[in-house]
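When you get a sec, could you build the whole thing from the sequences and use the hints?
Mapping the sequence shown onto the working numbering, position 39 (from 1) lands on 39, and the numbers just tick up by one.
Hints were generated in silico from the structure; no laboratory data involved. Just so it is clear, the structure is predicted and the values come from calculations on it, not from any experiment. From the three backbone atoms N, C-alpha and C, an ideal C-beta is built for every residue, glycine too. It is possible that part of the hints are untrue.
[Unchecked claim] In silico DSS-like links for lysine-lysine, alpha-carbon gap of 27 Å or less:
id, residue 1, residue 2
1, 95, 59
2, 95, 139
3, 139, 126
4, 71, 51
5, 126, 71
6, 71, 95
7, 71, 139
8, 126, 51
9, 51, 139
10, 95, 126
11, 95, 51
[Claimed, not checked] Computed spacing ranges between beta-carbons, pair by pair:
id, residue 1, residue 2, range
12, 51, 21, 54 to 60 Å
13, 78, 44, 20 to 26 Å
14, 27, 95, 51 to 57 Å
15, 101, 134, 44 to 50 Å
16, 86, 132, 19 to 25 Å
17, 101, 30, 49 to 55 Å
18, 138, 92, 28 to 34 Å
19, 70, 31, 36 to 42 Å
20, 27, 49, 41 to 47 Å
21, 27, 102, 53 to 59 Å
22, 134, 20, 50 to 56 Å
23, 95, 54, 23 to 29 Å
24, 106, 51, 23 to 29 Å
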Amino acid sequence: MKKDSKKDSAVSPVIGTILLVAITVVLVAIISAVVMGMTGNVGTAHVVGLKVTTDTTDKINVVFTGGDYAKVSAIEVTGGTVTSSTTDPTIDAAKGPTLGTIYVLTLTNNDGLAHEYNIVGTIDGKQEIIWTGTLTVTK
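Right, dumping it as structure tokens:
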């Protein structure tokens, strides 16, 4: 008896390879579409160089040292027990801060303990955290 070998044969290796490549291409296309769609809302990061220190009475001193400092039109402090802050001298919104000038943020409702504070800068009309750190600002 002659056995029919066509019934026992599987898909040829060439067709199997073509199918694996096609599946891989489709998966890469789907993953790429998802990843590219996720990155659509990512904005430009701004790097601002700051030196932040405290003095002895409810104040945080901020000195701009470089980076995108010229884009900063205002700064304020958040975090800790702060309820408000003022800047002295004020930043010229048209020119930005001056390198090396000490900008003093006065804290209100300060408890004199160590807290994590954020220096928030207004850049291109949006508020961004430009410095985060722990400070002890005495009363």
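**Report entry** Hinted pair residue 71 and residue 95, Cα distance within 27 Å
**Finding:** holds (8 Å)
Query raised in the report: CA of residue 95 to CA of residue 51, is that 27 Å or under?
Result: With a Cα-Cα distance of about 20 Å, the restraint between residue 95 and residue 51 holds, given a limit of 27 Å.
Requested in this report: Take a look at whether the Cβ-Cβ distance between residue 70 and residue 31 falls inside 36 to 42 Å.
Outcome: Because 40 Å falls inside the window, the suggested range holds.
Query - Restraint check for residue 95 with residue 126, where alpha carbons must lie at most 27 Å apart - result: Satisfied, since the Cα-Cα distance of roughly 17 Å is no more than 27 Å.
Query - Consistency of beta-carbon spacing, residue 54 to residue 95, with hint 23 to 29 Å - result: holds (27 Å)
**Report entry** Whether the CB-CB distance between residue 101 and residue 30 falls inside 49 to 55 Å
**Finding:** At 53 Å between Cβs, range holds.
Query raised in the report: When you take the CB atoms of residue 78 and residue 44, is the distance between them in 20 to 26 Å?
Result: holds (22 Å)
Query raised in the report: Per the hint of 44 to 50 Å, is the separation of the Cβ atoms of residue 101 and residue 134 within bounds?
Result: violated (24 Å)
Report task. Quickly compare the C-alpha distance for residue 126 and residue 51 to 27 Å and report which way the hint goes. Result -> Roughly 22 Å separates the two Cα atoms, so the pair holds.
**Report entry** Beta-carbon spacing of residue 138 to residue 92 - inside the hinted bounds 28 to 34 Å or not
**Finding:** holds (30 Å)
Requested in this report: Just tell me: holds or violated, for the beta carbon distance of residue 134 and residue 20 against 50 to 56 Å?
Outcome: holds (54 Å)
Requested in this report: Could you see if the CB distance from residue 27 to residue 49 stays within 41 to 47 Å?
Outcome: holds (44 Å)
Of the numbered hints listed earlier, those contradicted by the structure are 2, 3, 7, 15, 24.
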